[in-house]
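**Q** Each protein sequence line maps, in turn, to chains A and B. Using my numbering, you'd call the opening residue of the first sequence number 1288 and step up by one each time. Using my numbering, you'd call the opening residue of the second sequence number 1288 and step up by one each time.
There may be inaccurate statements among the hints.
One copy or two, it doesn't matter: identical chains are merged, so the pair holds either way.
To be verified - Calculated lysine-lysine pairs in the BS3-like style (CA-CA distance at most 25 angstroms, straight line): (1) Lys1398 with Lys1336; (2) Lys1376 with Lys1398; (3) Lys1393 with Lys1376; (4) Lys1373 with Lys1416; (5) Lys1413 with Lys1336; (6) Lys1398 with Lys1413; (7) Lys1393 with Lys1336; (8) Lys1393 with Lys1318; (9) Lys1318 with Lys1398; (10) Lys1403 with Lys1393; (11) Lys1416 with Lys1398.
Since the hints were derived computationally from the structure, they do not count as laboratory data.
Number of protein chains: 2
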Amino acid sequence: MNHYTYEEIRIGQEEQFLVTITQDMQDQFRKITGDLNPLHADDAYAARKGHPSRVVFGMLSASFLSTLAGMYLPGEHSLIHSVEIKLRKPVYIGDTLQICGTVSDKSDAVKIIQVKFVMTNQDGVKVAKGEMQIGVEV
Amino acid sequence: MNHYTYEEIRIGQEEQFLVTITQDMQDQFRKITGDLNPLHADDAYAARKGHPSRVVFGMLSASFLSTLAGMYLPGEHSLIHSVEIKLRKPVYIGDTLQICGTVSDKSDAVKIIQVKFVMTNQDGVKVAKGEMQIGVEV
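Based on the sequences and whatever the hints tell you, model everything.
**A** Take a look at the structure:
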């Protein structure tokens, strides 16, 4: 876990990590949310909608923004104020996502950093992008 | 689960449900994401940051947008394209959130609905708000 203070963070700073999405993650996310949509559970159903297999919950991919903020950028002193995420391409079980965040702005008066992020799969396809506003409160 | 088609959905349509955030949800979300930030695990640490107890992961609250789209609005035929969420106030274990979505726009050419949402706790405090763009693909 990183422990950056607001002052230590510089515009352009980048942090990244990899996550492989497992069936267990998908099952646990379903249990938490109660989202029983068959697109995320039933391969045959997903195939009829044009997918090679069940689709990973978009908000499961988004969940790793918690990790990006709370573990990496800024780490310990993180408090997420807002998130904008565009889910561009489907993610499937077994995909490995590279989640990369870059500090794009800082607001000194309120100690909030803006982090732009991109999620890219193992084939180099951008599956999601967006930005977060994160307070840095030591 | 609802099964609304794009044509059946009307601007102004509203769906809502309640969720009580449990310690088990928090623990499972931590396991999925690997976000080990102490603000979400350690009551004494959270107290030093001015909170009555450990804080619910903001992205755990956001996870219920999966449920809003995939179960309620539009339900089965949902595919989330984008999400904007502002996390306004902290959520604590045991809080019951009312998650309310309202259709605010429709884009006929691409069959995308815009849903504005508000999350309100048991004391009537708005803890989060925002909007989603959701494709409705039968």
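**Q** Decide, hint by hint, whether the structure agrees.
**A** To see whether the hints hold, each was checked on the structure:
With identical chains, the CA atoms of Lys1398 and Lys1336 are at most 25 angstroms apart between copies only, with a shortest distance of 15 angstroms across copies and 45 angstroms within one. In this assembly of identical chains, the alpha carbons of Lys1376 and Lys1398 lie at most 25 angstroms apart only when taken from different copies (17 angstroms versus 33 angstroms within one copy). Taking the closest pair of Cα atoms, Lys1393 and Lys1376 come within 25 angstroms of each other only across two copies (21 angstroms); inside a single copy the shortest separation is 30 angstroms, beyond that limit. Taking the closest pair of Cα atoms, Lys1373 and Lys1416 come within 25 angstroms of each other both inside a single copy (5 angstroms) and across two copies (17 angstroms).
Proximity of Lys1413 and Lys1336 under a CA criterion of 25 angstroms is satisfied intra-copy only: 21 angstroms inside one chain copy versus 36 angstroms between copies. Taking the closest pair of Cα atoms, Lys1398 and Lys1413 come within 25 angstroms of each other only across two copies (23 angstroms); inside a single copy the shortest separation is 30 angstroms, beyond that limit. Taking the closest pair of Cα atoms, Lys1393 and Lys1336 come within 25 angstroms of each other only across two copies (22 angstroms); inside a single copy the shortest separation is 42 angstroms, beyond that limit. When the C-alpha separation of Lys1393 and Lys1318 is checked against a cutoff of 25 angstroms, the pair qualifies neither within a copy, at 37 angstroms, nor between copies, at 31 angstroms.
Proximity of Lys1318 and Lys1398 under a CA criterion of 25 angstroms is satisfied in neither setting, with 36 angstroms inside one chain copy and 29 angstroms between copies. Proximity of Lys1403 to Lys1393 under the C-alpha cut-off of 25 angstroms is restricted to the intra-copy arrangement: shortest distance 12 angstroms within a copy versus 28 angstroms between copies. In this assembly of identical chains, Lys1416 and Lys1398 lie within 25 angstroms of each other by CA distance both inside one copy and across copies; the values are 23 angstroms within and 22 angstroms between.
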